[in-house]
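**Student:** If you read the protein sequences in the order shown, they are chains W and Z. The first sequence lines up with residues 211 to 583 when you count with this note's numbering. The second sequence lines up with residues 211 to 583 when you count with this note's numbering.
Hint data in this document are derived by calculation from the structure and do not stem from the laboratory. From the three backbone atoms N, C-alpha and C, an ideal C-beta is built for every residue, glycine too. Warning: the hint list may mix true and false statements.
Which chain W residues stay away from chain Z? Per the calculated CB distances, all over 10 angstroms, these [what the hints assert, rightly or not]: (1) R284; (2) V311; (3) E332; (4) L346; (5) P510; (6) A566.
Okay, the calculated beta carbon distance ranges per label pair [claimed, not checked]: (7) G310/W x D326/Z: 47 to 55 angstroms; (8) P309/Z x S387/W: 23 to 31 angstroms; (9) A449/W x E263/Z: 53 to 61 angstroms.
There are 2 protein chains.
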Amino acid sequence: MPEPAAPPGAPGDSPFLRACRGEPHDRVPVWFMRQAGRALPEYRAVRERHSFEQVVHTPELAAEVTLQPVRRYRPDAAILFSDIVTPVQAMGLGVTIQPGVGPVVDRPLRTREDVDRLRQLEPDVDMPFVLKTVSLLVAELDVPLIGFAGAPFTLASYLVEGRPSKSYTRTKALMLSDELTWHRLLDRLASITIASLRAQVARGAAAVQLFDSWAGALSPDDYERAVLPHSRRVFEALADLEVPRIHFGVATGELLGLMAQAGADIVGVDWRVPLDVARQRVPEGVGPQGNLEPAVCLAPQPTVEARVADVLARAGGRPDHIFNLGHGVLPETDPGVLEHVVEVVHETGRVLPPAAVADADPDQVPAEGAARG
Amino acid sequence: MPEPAAPPGAPGDSPFLRACRGEPHDRVPVWFMRQAGRALPEYRAVRERHSFEQVVHTPELAAEVTLQPVRRYRPDAAILFSDIVTPVQAMGLGVTIQPGVGPVVDRPLRTREDVDRLRQLEPDVDMPFVLKTVSLLVAELDVPLIGFAGAPFTLASYLVEGRPSKSYTRTKALMLSDELTWHRLLDRLASITIASLRAQVARGAAAVQLFDSWAGALSPDDYERAVLPHSRRVFEALADLEVPRIHFGVATGELLGLMAQAGADIVGVDWRVPLDVARQRVPEGVGPQGNLEPAVCLAPQPTVEARVADVLARAGGRPDHIFNLGHGVLPETDPGVLEHVVEVVHETGRVLPPAAVADADPDQVPAEGAARG
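I would like the entire structure built from these sequences, with the hints used as guidance.
**Tutor:** Structure below.
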């Protein structure tokens with residue numbers, strides 16, 4: 211007698227989680243980085259009354275803006291509305307998010323003494339609002355919730371620079387000049403990230419995405435020596451939870467193999483590397499997430515459709531592809547375009563059975579329509 | 211009877227020009243992008259009395275700041291001190307360079323009508339100060355002068371956005387939405403760049419570097435379709451001048467092969483791609499320029515020396531390598547470090563004879579010292 215079927219849409223059965231595990235499923239899953247946020251009029255309506263930090267710190271509001279894109283786009287996953295610096299901000303490190311600037315740190319961390327100020331995160335005490343948000347969402351959602359955290363390097367870049375940077379000069383200077391302090395800093399940030407993600411999973415997050423957003427500023431050698439061991443520690447410390455682990459950074463084409471080595475099940479790919487090329491840079495068993503150029507969503511519909519078809523074709527119908535943008539939704543995006551992208555991915559994306567994947571010619575398979583816009 | 215030897219240091223005989231042509235020479239040539247500028251106290255002294263634009267627009271000052279790093283570092287080439295937007299600014303397009311911001315355009319170009327406002331550059335009329343600067347420098351220098359211009363895409367990114375951008379949203383939206391206007395814009399910008407570079411060479415610039423600084427924001431497909439034809443036209447229009455042509459952009463690892471196809475003799479490589487990997491992405495006959503991570507110059511001396519050795523080792527002793535940073539000198543750099551880098555490159559870099567290059571094991575050759583910092 212078969213076991214009772216899981217209710218439709220329940221997380222364990224979802225195309226998103228099946229794709230994360232490389233298991234057969236019946237449609238290409240799709241979600242968008244920054245699907246919640248400024249592209250949505252209903253988000254802007256919330257922000258007219260509340261600051262970004264108020265939204266993040268108020269579970270009902272954070273849950274509401276997380277749900278907004280799920281209602282509108284019907285994607286295959288939701289992602290916790292939060293910020294990379296939320297845990298360290300919640301620990302009292304003097305981080306504020308300045309409109310039009312980004313995270314600003316009162317006293318940037320640059321010395322051994324500064325690093326010694328960093329204690330361990332106690333999620334229940336320091337950021338109960340995040341955990342409450344997760345609980346509210348898990349009760350509400352019929353798609354999996356992705357937990358969210360910044361990777362040690364990207365967190366360090368904010369805390370060392372003191373504000374968003376283009377060149378990461380101070381961060382790199384510390385990394386290259388004082389290895390002991392550097393590794394101590396990244397080790398503590400890894401512990402904070404582990405605590406945050408474990409707590410999110412304990413409340414029901416069904417997968418996690420570790421954002422090493424700015425790791426692409428590093429050479430492969432520097433990444434491997436100074437960053438990879440700490441990101442690996444984060445992923446290893448989540449292994450027993452048995453939730454899929456996604457790893458993403460912008461402009462990390464040269465680092466994809468190393469980022470997979472850190473222990474990710476899925477590696478996010480920005481639009482600079484064609485998905486079939488990206489596939490060759492990661493080991494068998496690690497799937498790609500991505501990688502529609504976000505600016506394509508500002509183009510006319512035939513171009514959007516052709517580019518979606520190109521991403522699907524380059525994904526080759528393999529069951530471990532998760533459709534996404536190559537980076538976050540641009541604020542200028544018309545939500546109707548994203549809604550259409552979800553429809554097109556669901557209608558035209560084909561997931562081949564494992565036996566067929568091995569034989570498939572990626573130029574022939576699996577999306578309908580022209581491959582170029 | 212042999213022809214009379216060229217005087218020592220004369221351009222035709224210089225290691226830099228020989229390297230550009232892939233000819234044998236006796237030392238690895240080195241110069242630094244942004245070698246003139248804020249890292250030098252003598253430059254800051256000039257800027258205390260004059261704005262950036264005054265310096266660029268006054269031949270004696272522009273020549274002086276171009277010469278400052280040549281006197282101090284003894285590099286193998288000088289590069290004209292100028293800005294990517296100088297020609298379009300000189301044409302009266304309402305471009306100002308705002309301190310701490312960068313180029314700002316009064317009326318950004320976004321429509322067909324805007325593009326039709328772009329006339330052809332007349333270098334002798336529009337920017338006689340640039341040509342005078344070149345003439346002053348050529349009379350003074352004992353190393354080759356590299357002429358300088360922005361590539362069509364990077365120029366377009368400034369003119370369409372109206373100010374420096376991180377996402378190039380409006381530029382990409384135009385590129386993806388209105389191909390006719392886009393190509394008309396890039397065609398006109400290519401003509402401006404050609405006129406500027408031809409005029410610089412006519413006054414004695416011995417090589418040119420075309421900066422497509424922001425092309426790395428594009429996917430290979432978009433670059434190939436929307437940008438490459440225009441950069442190719444620039445390089446083709448310079449072919450009869452028989453000066454070496456260098457092409458560089460930041461974060462262009464995925465585009466190196468296409469940028470070489472545009473017609474460059476040398477392709478600049480930023481620090482994200484190891485030089486031996488970069489070599490595999492460009493055709494035989496195109497040499498690499500680069501690629502020390504600029505932030506390494508903020509590290510202790512042993513690290514600097516180890517990283518210089520690593521770049522030299524990965525260059526494999528081939529005669530077509532030009533040592534440089536992977537991007538511009540960071541303002542925080544101690545000039546003494548750059549002076550030392552030039553010495554180390556000249557003392558430890560080895561240029562193998564062509565026959566030896568074919569047999570060489572890149573792991574064994576040619577720099578002294580450890581390959582990793």
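**Student:** Decide, hint by hint, whether the structure agrees.
**Tutor:** Hints, verified against the model:
no., hint, result
1, R284, "holds, 25 angstroms"
2, V311, "holds, 12 angstroms"
3, E332, "holds, 35 angstroms"
4, L346, "holds, 32 angstroms"
5, P510, "violated, 6 angstroms"
6, A566, "holds, 26 angstroms"
7, G310/W x D326/Z: 47 to 55 angstroms, "violated, 34 angstroms"
8, P309/Z x S387/W: 23 to 31 angstroms, "holds, 29 angstroms"
9, A449/W x E263/Z: 53 to 61 angstroms, "holds, 57 angstroms"
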